[in-house]
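J.: Sequence:
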Amino acid sequence: MARKKTNRAAPDAAAATVVVMVLYITESGPNSVRAIANLEAICEEHLKDNFRLEIVDVLEYPRRALADGIVVTPSLAKVSPLPTATVVGNLSDKSELLRALGIRG
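Per this note's numbering, the very first residue in the sequence shown carries number -17; after that it's consecutive.
Hints are not guaranteed to be accurate.
Here are the simulated BS3-like cross-link-like pairs (lysine-lysine), alpha carbons at most 25 Å apart as the crow flies [what the hints assert, rightly or not]:
1) Lys30 to Lys60
2) Lys60 to Lys76
3) Lys76 to Lys30
No lab work stands behind these hints, which were simulated from the structure alone.
Kindly generate the complete structure, drawing on both the sequences and the hints.
T.: So, in structure tokens, the structure goes:
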């Protein structure tokens, strides 16, 4: 006898997706401070707890920055989900940042 399939509501894929990002900064430079604040605001508003953020100070870890191809700070790299994306600057362009993160604003 065949099993009857039941339709279950699929969980919201966007809410379950964890966005993994790396923000490359230089100490407490004004653009780096602003980038952190702008990114925190976006994450709080749109991602809630569905993100992981690593902040790398390129003055402390220059080899890491070079290995990751970072030549300008601040730079935000979205690692996952695919496709990857990079945004350079203080992240004040909200629409560009949302687009890079794959968020519909």
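J.: Next pair to validate is Lys30 with Lys60; report whether the Cα-Cα distance is within 25 Å.
T.: 16 Å, holds
J.: Would you mind confirming whether the straight-line C-alpha gap from Lys60 to Lys76 stays at or under 25 Å?
T.: Distance of about 15 Å is within 25 Å: holds.
J.: Quick one, are Lys76 and Lys30 close enough, alpha carbons at most 25 Å?
T.: Judged against 25 Å, a Cα distance of about 16 Å means the pair holds.
The structure shown violates none of the earlier numbered hints.
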